[in-house]
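Undergrad: The listed protein sequences correspond, in order, to chains X, H, G, W, E and Z.
Under UniProt numbering, the very last position in the first sequence is 163; numbers go up by exactly one each time.
Under UniProt numbering, the very last position in the second sequence is 89; numbers go up by exactly one each time.
Under UniProt numbering, the very last position in the third sequence is 507; numbers go up by exactly one each time.
Under UniProt numbering, the very last position in the fourth sequence is 949; numbers go up by exactly one each time.
Under UniProt numbering, the very last position in the fifth sequence is 118; numbers go up by exactly one each time.
Under UniProt numbering, the very last position in the sixth sequence is 141; numbers go up by exactly one each time.
Simulated from the structure, these hints should not be mistaken for laboratory data.
Wrong hints could be hidden among the right ones.
Distance condition first, Cα-Cα at most 25 Å in a straight line; then the derived SDA-like pairs of lysine to any residue [as the list claims (entries may be wrong)]:
no.: 1; chain 1: G; residue 1: K198; chain 2: W; residue 2: T707
no.: 2; chain 1: G; residue 1: K64; chain 2: W; residue 2: L817
no.: 3; chain 1: G; residue 1: K64; chain 2: W; residue 2: A870
no.: 4; chain 1: G; residue 1: K198; chain 2: W; residue 2: M584
no.: 5; chain 1: W; residue 1: K496; chain 2: W; residue 2: L525
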Amino acid sequence: MLRKLFPHPGLTVLLIAVWLLMLNSLSIGGLVVAVLLGTVIPIFSAPFWPDRPRLHFGWPIVEYLLVVIGDIVAANFHVARIILFRRNRDLRSRWLVIPLDLRSAEAITALAGTISLTPGTVSSDVSADGRFLLVHALDVGDEAAEVARIKERYEARLQRIFR
Amino acid sequence: MIGYALAIAFACVAVALLLALFRLLAGPTRGDRILALDTMVINAIALIVLFGIHQTSSTYFEAALLLAMVGFVGTVAYCKFLLRGDIVE
Amino acid sequence: MTHLIVAPIVLPAIIAALSLLFRRRRRWLGAAIGLAGCGALLLVALALFARAYDGAISVYALGKWPAPFGIVLVLDRLSALMLLLTSVLAMIVLCHAVITGLDRKGWHFHPLFQFLLVGLDGAFLTGDLFNLFVFFEVLLIASYGLMLHGQGASRLKAGIQYIVINLVGSTLFLIGIGVLYGVTGTLNMADMALRIAKLTPGDQGLAGAGALLLTLVFALKAALLPLHLWLPRTYASTAPAVAALFAIMTKIGVYSLIRVTSLIFGAGAGTLAWLPARWMLPASLLTVMVGFIGLLPARGLREQAAFGLVGSTGTLLVAVSLFEPRAMAAALYYLPHTTLAGALLFLVGDLIARRRPDYGDAITVGPRFANIEVISVLYMLAAIALAGMPPLSGFIGKLLILDAVEAHPAAGWIWAMVLGTTLIAIIGLARTGSTLFWKSSICGEAARPAPGGVTSKELLPSIALIILMVALVVGAGPITVFCDMVSAQLFAPQGYVEAVLGKGVAR
Amino acid sequence: MSLFLLFLLPFLGAILVGFMPHASRTTQAAAAGAIASAALVLLLVQAPAVIADGRVSARMDWIPILGLSASLYLDALGLLFAVLILGIGLLVIIYARFYLKASDPMGRFYAFLLLFQGAMLGIALAGNVLLLLIFWELTSLSSFLLIGFWRDRAEARQGARMALAVTGGGGLALIAGLILLGRIAGTYELDGILRSGALIQASPHYPLALVLILLGSFTKSAQFPFHFWLPHAMAAPTPVSAYLHSATMVKAGVFLLARLWPALAGTDLWFHLVATTGLVTMLLGAATTLFKHDLKAILAYSTVSQLGLLTMLFGLGTPMAAVAGLFHLLNHALFKAALFMNAGIVDHETGTRDARLLGGLATLMPITATLGLLASASMAGLPPLGGFLSKEMMLEEAAHTRLAGIDWLVPLLATIAATLSVAYSLRYAVHVYLGRRRAQTPLAPHDPPVGLWGPPALLVAGAVAIGLFPMALAGGLIRGAAGAVIGAAPPPLALKLWHGFTPSLGMSGIAILFGALILAGYAPLLRLWDRLPLPVAKTLFDHGVTALVETSRRITLAIHNASLQRYLGILFLSAIAAGTAGLMAGGYVPGERPTLPASPVAIVAWAALIAATFAVIRAQRHRYVALIFISVIGLVVSLGFIYLSAPDLALTQISVEIVTILLLLLALNLLPKRPLRLSSTPLRLRDGALGVIGGCGAGFLAWAVMTRAPNDPISAYHWTNSYSGGGGTNVVNVTLVDFRAFDTFGEIIVLGIAALAIFSLLQTATRGASGRRLLQWIPDLVRSPERHPMMFVVATRLLLPLAMLVGVYIFLRGHNLPGGGFIAGLVISIAILMQYMASGFDWTDQRRQLDEHAMIACGVLVAAATGLGALLFGRPLFTSAFGHLDLPVIGSFELASAMAFDVGVAVTVVGAVMLALAELSHIAQRAEKDARSEHAMDVDPARQQETPA
Amino acid sequence: MSLEFLVASTIGVLTAAGIYLCLRGRTFPVVLGLAMLSYAINVFLFAMGRLVVDRPPIYEKGLADYADPLPQALVLTAIVISFGMTALVVVLSLRTYLETGTDQVDGIADRQPEDGGA
Amino acid sequence: MSSVAELAISLLILLGGAFALIGSWGLVRLPSLMTRLHGATKATTLGVGGCLIGSMIYFPASGASWTAHELLVTLFLFITAPVSANMIAKAHLHRQRCRLDADAADGIKEELPEPSADTGWATFWTPEPAEKQDSSAIPRR
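Sequences are here, hints too, so could you generate the full structure?
TA: Structural data, given as C-alpha cells:
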C-alpha cells in the first residue's frame, strides 16, 4: 500500500524540494501542493522507472557533491588553459577504458555524468555488457593513473551511495 | 561595476554565439553541427540569465529552464537520428 | 434566449467531442449522435433565422467583455441565412454519408464533420477579425481531415496541394489582420469600420494593403481566378459526399468578402471605399469562363461538378463584385442555389459511381445500373440547376443577376459571360448525360453492384436537395424580398456598427 | 383561375403519367389523352370570352422584385397557337399509341410529351416575358428528351444535343434580349411591353435587343443559318416530329415574332433582318428539300422553308402580311402534321422512308395515299386547299415589297421559292404514291389501322375544309389573332379562293407550272445538285463542338497543370500585387515613431538568424542538416521574443519548436534524405526573385507599421482590466483564457482536429501500396545496433517527473506570470515523448496510461463546459469568475474559472501531441526489420548479471 | 541600426526564404518553407504591437509602459494553429510518399499517366 | 547592495562569460569533434554556472526577492549535459566507424580500445543479435 502510494520516496522528496524552490516561498499552502504533487507524479511516472535504485542518503552524497563541484572548477581552469595556450599537435587526447565495479544503470550513469561534467573527460560509451566505460580525455599523460583516479575519486564514492 | 561586468559578459557570450555559429555552418561532420547547436542553446541560456540580471527581472528564468530541458531533447533526437534513423523505436 | 447565438458553435463542438468519446461503441451510435446534432443545429438555425428575420441585429458579447475589447458574435440577416443554409446542407449531406456508409470508410468522420460545422458557423457569426481567422482555420483543418477521409493516392496528392495552398493563404490572412491591427489598433470589425474612416492619409495605404490581402485570402477560399487553381483537383479527388458539403466552403469566402467589404471597406471608408471591389469584377468574369470551360472536357463527374462549382461561384461573385444593393440581393438569392446545386451534382455523381464500381464516376459508357431511370432524372435536374436553366432556381437566380446588372457599364460583358457560359454548361452537361444514361443503356449486361450494395434509400438526400431548389423557385417572391432586406442591411452598416458598439457611435 | 388550371394541366399530367410506368400502354395513352382533351376543353371554354373581349388574363404575384409574375394572357393569337398545341397534341397522343413499338417505354414518352406540351402552352399563355423565357427554355429541354427518346440510336442522341445546343443557346440570347426589352419598357408584363412600342423603337438599345430576340426566335424556328438542327431532330420518333416540327416548337419562334410584333416590328431594321432571313431560309430550305430522299428529311427541310416563309411574312411588317402569316401558320400546322404522320405510316408499314425505294403505294395503301396526296397538295399550294389560300396571300404581299431598292427581287425570289415548294410537294406525292413500285420494301405495304390514319385524316379534313370555307372556319380566329398581333384593328379580311386575276394568281400559276416541270426533269437536276460542293451543317456543327471541347481541354490542362509550384507562385504573385495595389490606393507616409537602438547582442543574434536562414536554403537537399539550421532560427526567434518583452511567446516558441523538430525527424526517417535536384537554375533564380520581392514586401509592411505610433489600441483596456476583471496579472494569458477565450477554444479544436486527421491518415498507412512500401523499406543509413542507450534512459527516468512538475508549475502560474495551459501541455508531452525516445515505442506504450482520443474530447468538453458554466449564472458564454479562497491552515488560494478552461487546453494539447507523434512513430515500426526489444535499455548491467553472457 | 530594422529585415529574409522553399518541387522543402513562413508571420504579427524592450505585459498597478499584450496573444494562437497545420502537412507528405512513392509536387509526376487517358 | 556582493557578482558573471567564450573558442579551434566536446562541456558547467550563481546572489542582494530558479536550471543542465555529450559522442563514434563522415578523426577506426574479449562497445556491438522477425505482426494498440 505504502509502496504503491510512494513508489519512489526519494523522488517524492526531490519533487517536494524542487516545487518549493520553484515557488520561491515557504507557505503551508505551497507545502500541501508540493506533497500532493510529490505523491501524484511519482505514481504516474513509476511504470517508467521499474527498478528503483536503493540510495543511501546522508554524508556520502554531500561529500560526493562537494568533491565533484571542486573538481569541476579545477578542471575548468585546467582545460581553459589547454584550449587557450596548447597547440593542437601537442594535445595528448586519447581514449580511456574504465572497468566498472558499479552494477546498476543509475550508478553507472551517475559516474559517467560526473566524468563528463568535469571538463577534460567525456564519457562516450559503455560496453555491451555494462562492465566498461569508454572515456575520451582531452589531455592525459598517463592513462592508467587517470583511470585509477577516476575509479578512486568517483566510483568508490558512488559505490557507497548506491548499495 | 556590475554594469561593466555585464557588458563584458554579454560581449563574451555574443562572441561565443558567433563562434558556435561558425562551427555550425562549417561542420564538417554532422556531430559538429549538433554540438554547435547544443552550445548555442547553452549560450542562449547564459544570455537569458544575464538579461535577467540586467533587467533585474526574474520573469525570464522559466525560459532558461525550458530551454535547458528542450535543448537536451533536441540534441538527443538529432543524435538518435544519426545513430538509428528512427528516433522512437 | 439570448444565449442561443452560441449554440451553432458550441453544440457541434460538444457533439464532436461526444462522438469522439463514444467512437468505440456501436456503429450506429456515432451516426445517431451526428444526425441528432445536425437536427438540433437545424432547429437552432431556424430559430435564429426567425430572430434575425425582422432586421434586428443580435449581438452577443462573449465573456461579458464590452464590444471592441472582447469577442462578439453578431447575428444579422446575412449570418442567419448562411447558418440556415449550412445546417440544411449539413443535414442532407450527413444523411447521404450515413446511408451510403461513407462515415465508416475511415476514422473520425463524425467528429471531423461536426468540427467543420463549428468552423463554418463560427465564421458566419463572429464579429471579430481574428476570431474569423481562427474559425477559418477550424473549418479548414476539419476540411483537410474530411477531404482525406477514405484516402487513396490521388486524394493524398490533391490533399497536399489543397493544404499547402490554404496554409499559405492563412499566412496572408494573418499578415492582413496584423497590418490592420497595427494601423487601426482594433480587431473588432465594427470598431475597425469606424477607425478606418478616421485614418490619417499615411496610414491609409497600409490599411489598403491589409484590406487587399484579406480580400485575396477570401478570394482564395471563394476560388476566384487566378486563385481557383486548387479547387478542381481537390474536389475531384474528394469523397463526393464530402465535396457536396464543401460546396458551402467556397461560399464562406464569398460571405467573408461581402461582410468585410461592405462593413469595413464600404462607403464610409474614405479613399479606401470599395477598394476590394475594384479588382473583383474582371476576375470573377474570368472565373465564370474558366470554370465552365473546364466543365466541358472533364473526365469525371466530380471533376465536372467541381468546375461547375467554380463557374457558378464565379457567377455569384460577378453579382457580388458590383457591391450594389440590387445585384447583391440577386447574389444572395443565387448563393443558396449554387450551393445546393453543386452539392446535388456531387451527390448524384456519387450515386452513379456507387452503382458502377468498375467505372466509378468516369464519364464513359458503362453498363446499365440500378435505378438508372430515377438517377437520370436526378442528374438532369442537377445539370439544369447547375447550368441555371428553368424550372429550377438557377434560372431565376440568373435572371435576377442579369436584371440587376443591366445598368452597370460592364453589363454587356457580364451578360455575355453569364449567358455564354450557360450555353457551354448546357453542351457539356448534355454530353455527359447522353454518355452516361443514353449510351450506357445500350450495354446489355447490368453493372456489378457496389461491394456494399446499393439501396434506393440513397436517393432521398438528392431528392431533398431538389425539393429545396423547387421551394426556392416557388417561394421566390418572399425569398427575393428577404434577400433584398439582407442586402439593404448590408449596405447600411451603421446598423451593424451601432448594434455592436452602442447607439450614437456611428457617424 | 381556370387559366391557371389549363396551364398546369399538362405538367400535372406529365407527373401522373410518369408515375404509372407499369400501367398498360392503352391506359397510359388514355391518361395522356384525357389530360390533353381536358386542357383543350378548358381552352375552348375560354374561346368565346377571348373572341368577345380580345383577351382573358389572370395574374399572380411571383417575384415582384424582379418583375416576374405568374401572369397568363390569352388573346386570340395565344388561342390560335394553344388550339394548335393542344389539338394536334391530342392527335399525336392517339397516333403515338399505335405508332410506338411495344418495347418503347410508352409512359416515359407521354410524360415527356405532356411536359413539352405544358412548356409550349406556357409560351402561348405567358403574359410576362420572363415567364415566357422560362417556358421557352423548358421547350428546349423537353424537346431534348423527346428527340433523344430512342436513346440507343447515335443520331438521336446527336440530334437531341444539337437541338438543345442551338435552341437552348438561342434561348440564352433571348434572355438577354427580353430583359433588355423589359428594361426599356419599364416592365416585363407583356401588355405593358406591347403598349410601349414607340418607346422601345426609339431606345438606343433597340437594335441590340432586337438582334438578341431575333437570335432566340430564329434558332427556335430553324432560320438560316441556324436551320441545321431541325433535320437532325428527325431522329425522333415520328409522332414527335409531327408535333414538334409542325405545330409547336419550331413555330414558337414565329409565334414570338407575332407576339412582339407591336413592340418591335415596323422598323427598317426589323424588315431587313427578319424578311431577308425568312426569304433566304425559304429559298434555301426549298432547294434542299427537293433533293432529299428520306421522307422525313424532305418534310424537315420543307418545314425549314415554310418557316422561312412565315418569318418573311412577319418580317414584312405590314398588317396584311401578318394576317397572311397567321393564316399560313394554321395551314402549315395542319398539313405538315398530317404529312409527318403520313410519312410515319409509310415508314411503319413499309419499313423504309427512302423516296427512291418507294413508289406506287397508292394502290397498296389507298387511304394513306389519299391523305398523303391531299396534304402534299396543300403544301404545294394547290387549290382549293388551305395552303393555296395562304400562299396566294404571301405572293400578294411579296408582289409589292421592295428589297435593296429593287422592285422585282422579292416577287421573283418568292415565286422561285413557291415553285420549288410545288416541286418538292409533288415529288413527295408522286414518287411515293404514284408511278410504279421501284424496289422491294422491307415490309409488305398495306393500310394501317385506324389509330394511325385517323389523326392525319382529321388534319387533312381540316385542311380541305379551311380551303373550301375559309371565312367560316378560320376567319374569326384569324381576324382576332391578327388584331392581337397588330395591336390594332386588323385590315378587312377576305379569305376566299377566288380573288380575281391578281399578280399573285399569276405567280401561283407560274409556280405550279414550273414546279411540275422541275419534277419532270428531276433526274438531271439531282445529278447537278449532288455535284455542288455544299457544306454539311452537321459536320460543321460537330467540328465546332469538337473544337470547343478540344480548346477547352487545352486551356484547362494548360491552366491546371497540377503543379503546386505554379499554384503557389500565382498565389504569392497575387499577394504581392494586392499589397502593392493597396499601398498605392491609400498612399504611404513614413512613420515618426522613434526607433529603438539595436544592442550588439541583438545584432549578433540577428546575424545568426540570417546566416541560418541562408544555410537552410543552401542545405535544402541535405535535409537533416537543414533541420539543424532551422533549430537555430527557432532559437534566435525565441531569444528575440524574450528580449522584446514576450516571455509567453518565447516559452511557447521553444516548446513548439522541439515538438516540430521531433515530428520532422520522425517523418524524415522514411522520406528520401538526399533527393535529386529538380529545378533548373533559371527556375531557381525566378523563385528567388519572387521570394526577394515578397520578402521585401513583408519586411516593408512590418517596418512601416513599427515606425508609426500605435492608434489607441484596444489592448489598453485589456491591460487595465486584466487584474480587476480577469483576475490575473499576466495580461497575455488573461487575454487567451478570458478576453479572447473563444479564440483559444477554436485553437484547441484546431489542434485536436489536426491530431485526429493525422491519426486517421496514418491508420491506413500499413495497408495497400503504402504498407508494401513500408515492408520493403530499407534504411538508407547504416544503423548502430543500440537502440536505447543506457545513459539516456536513466536520465529520462529522472527527468520525467521533474518535467511534469515543471509543467504543473508553468500551468499554475500561467494566469499571473508567463506560462499557461498550452505551454504546460507541451512540456508534459515532451516529457512523455522523451520516454518514447529513450525506451522505445512498445515499452513506453504499454506503460502509458492515456487515451489520447478521450483526452482530446475531454479537453474540448472541459473548455466548453467552463464556458457554458457561465450560462448557468445567466452570464454570457466564457464569462469568467475568480475569487480568493481562504482555507484554514493552507492559506489563501486564487481560483479562477479561466483555470478550468486552461485545464481543457492543456489536456487537449497533451492528447493531440501524443496522438500525432505516437502514431507517427508507430508507422516507422512497420519499416523496422529488427526484432522489437522488450527492454527499456539495451545495456542494462543489472540484466547482464542475471544472465551472464 | 535600429531594432525595428533588425526585426523588419528578419521578417523579410524569413519570408523570402519561405517563399523560395515553398516553390521547390518536393514536399520536404515545401514543409520547411511553410515553417519559415510561419516564423516570419509570427514575428510579423508580434511586431504589429510595436517593439518594446523589457516591459513584459505582466500587470502592475500604475505602470503605463508595457508591451502590447494583444498581438502576443494572437501570435500564441497563431503558433499553435500553425503547429497543428505543419504537423498535418508533414504527416500528409510522408503518407503521400509512402502511398505513391514520390515526394514531388510539381505535377510532372501525375501528368504522364493522365495524358493517355484523355 | 554591498560592494562585496557586487564584486562577487561581477566576478562570477565575468567568469561565466569568459568560460562561455573559451568553450566556444575551443569549439572553433580544437582539431576534432571529440576534443571540441570538451570545450562545449565547459561552457555548460562553468559558463552558465557562473552566470547562474551570479544571478542567484544578485537578486537578494539588489533587494528583489530571492529566487531559486537558477538552482533548478543548474540541476537540469547537470542532468542533461552529460547525456547530450554522451549521445553526440556515440553518434560520432558510429559515423566514424562506418566512415559516414568525410574526414575521419579521433582515431575511432584504428585506435579505439576494445573493452574486453567477449564484449564490445554498445554503439557497435550488441549482446543479443536481433533475429529477423515478421514485422507485419505488430499488434495494434
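Undergrad: Each of the hints needs a verdict: does it hold here or not?
TA: Against the structure, the hints come out as follows:
With a C-alpha separation of about 19 Å, the suggested pair K198/G and T707/W falls inside the 25 Å cut-off, and the hint holds. Only pairs whose Cα atoms come within 25 Å are accepted, and K64/G paired with L817/W is accepted, the gap being roughly 24 Å. Simply put, K64/G and A870/W have alpha-carbon atoms about 10 Å apart, close enough for the 25 Å limit, and the pair holds. As the CA atoms of K198/G and M584/W are separated by approximately 18 Å, the hinted pair is consistent with the 25 Å bound.
With a C-alpha separation of about 36 Å, the suggested pairing of K496/W with L525/W is violated against the 25 Å cut-off.
In this structure, only the earlier hint numbered 5 is contradicted, and the remaining ones agree with it.
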